[in-house]
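Respectively, the protein sequence lines represent chains V and U.
Under the working numbering, the first residue of the first sequence is numbered 2, with each subsequent residue one higher.
Under the working numbering, the first residue of the second sequence is numbered 11, with each subsequent residue one higher.
Honestly, the hints are just simulated from the structure, not real lab data.
Built from N, CA and C at the ideal position, the CB exists for glycine as well.
Just a few of them, taken from the derived set where beta-carbon distance is under 7 Å, the chain V residues facing chain U:
#1 P268
#2 E274
#3 R280
Now the in silico label distances, taken between C-beta atoms and shown as ranges:
#4 V:G181 / U:N69: 48 to 58 Å
#5 U:L18 / V:I89: 33 to 43 Å
#6 V:N262 / U:E26: 22 to 32 Å
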Amino acid sequence: MSTQAANKTRDEFDVEIIDTVGKPLLDDGKAIKMATRECNVFYADNQAIYNVDLDIGKNEIIAMIGPSGCGKSTYLRALNRMNDTIDICRVTGKLTLDGEDIYAKDQDPVLLRARVGMVFQKPNPFPKSIYDNVAYGARLHGLVNNKSDLDDLVEASLTKAGLFKEVKDNLLKPGTGLSGGQQQRLCIARTIAVDPEVILMDEPTSALDPIATAIIEELMDELRHNYTIAIVTHSMQQAARISQRTAYFHLGKLVEVNETNTVFTNPEHKLTENYITGRFG
Amino acid sequence: METSDHILHSFDQELEDIRSKALEMGGLVEKQVSNALQAVLEQDVELGELVAASDGEINDLEMNIDEECAGIIARRQPAAGDLRLLLSIIKLTTDLERIGDEAEQIGQYATQLGAQTGDQGMHTQLRHLGELAHSLLKLALDAFARMDDRQALDVAKKSRRVGKEFDNLSRVLITHMMDDQRNIKDALRVIWCARAFERVGNHSTNICEFVIYRVKGKDIRHANLKKIGKKLYPTLEHNEE
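So that you can see chain V by itself, here it is in the shape it has in the complex (with noise of 0.2 Å):
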């Protein structure tokens, strides 16, 4: 670590003295779903992540930290593509999905989009049925191919999602009638529904109570063990809680990864001490 990066405050901070410390890639004979190599973000001239190399291991639920402006959602959104729809942004590096290049010029980012699916902050079920939100992508991409199979399917994806029991009789009512946790749960069964490999979640629980925020956590790891997860959280008691490894970001740049316990017991660089305990200074 570099004192000299440790001495200096969050503005004075210089990003070009920063190298990631802690264990961003995976040792040999660990699954790799996910690997980024020397990713940079541009939002026209300005930088927003520079050269992350991170593996994301299959099936685990990995968390991303970090203040506000970080630029942590911005990496999450690079790894389904979702900043394409933003015309002066620019990914380079390179990026993969068990090994394959997701910015290569044959992939389609929809398909992408179905294999990596994404969560956001604010619920936001489209306003149709709650059975036609989970049934959406699945006609999209023409994954079933009669009404029995759609309902089974949507039926399976509610039920993964914890929300079956508590919709079963209403499935025709519009999503947008849910709480706040129950559509965030429907909009958890409409990512599920097209089978994807790999959940990003962007601050998933923001928006919910104490404990439609665990009914969230505990879904998410029942789903660890059939989808990988990556997830922004502002809060660092659910990235403690739920991720088995934690990348901390810092004005663009990842300064630390590690395992969580290790990252939250005794993490390697001052400036991810400093924001775990609450000190900025």
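Place chain U on chain V using the hints.
Below, chain U without anything else, positioned relative to chain V:
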């Protein structure tokens, strides 16, 4: 890793309060050990009784500190260095309380030894071991107060001498007992005191281990100190104590 202030200043205040209390407890315990040693060496019955009766304040502080630590953990969810500080304070208070119990025991034996009319002088054999244990405790508490991990490692290495001193003392006392059976009663009292001082030394080592845990984040209990020293401080010279 010295740290700046928290954004929440009340958190700094709470940590500082709890740290001061832990040091206050350390001061009381150190005084008890020092008095117990004096009582036993000078056959001061009054001082021995005072030591034996003064453990209550230490016990109260232990409970008070533990309760405050639990409160901070529940309300603040401390992490990293803050968490390690609290964990090491909780462990520190346990060891301090036990040192307090050892001092209380020594105080009681001092009372009994002081009440003897026939003086065989066996209690003077405790000087070396007692002073060593007392100085280790002082150094360990000093390392804790300043969070000086290097001093903590040095003290932990020195504490091995306590075991050797105890063995030497045992041999001397066995000789006294074999010389004259009438010595056995007092010799046993002296050896129990020696055992208590040895325990003080061992608890002081534990305190040093918590200092290193707090500063370096490494748990060095049950580890080879020489190897640990080389690993944590590769640039320093390491002499076997």
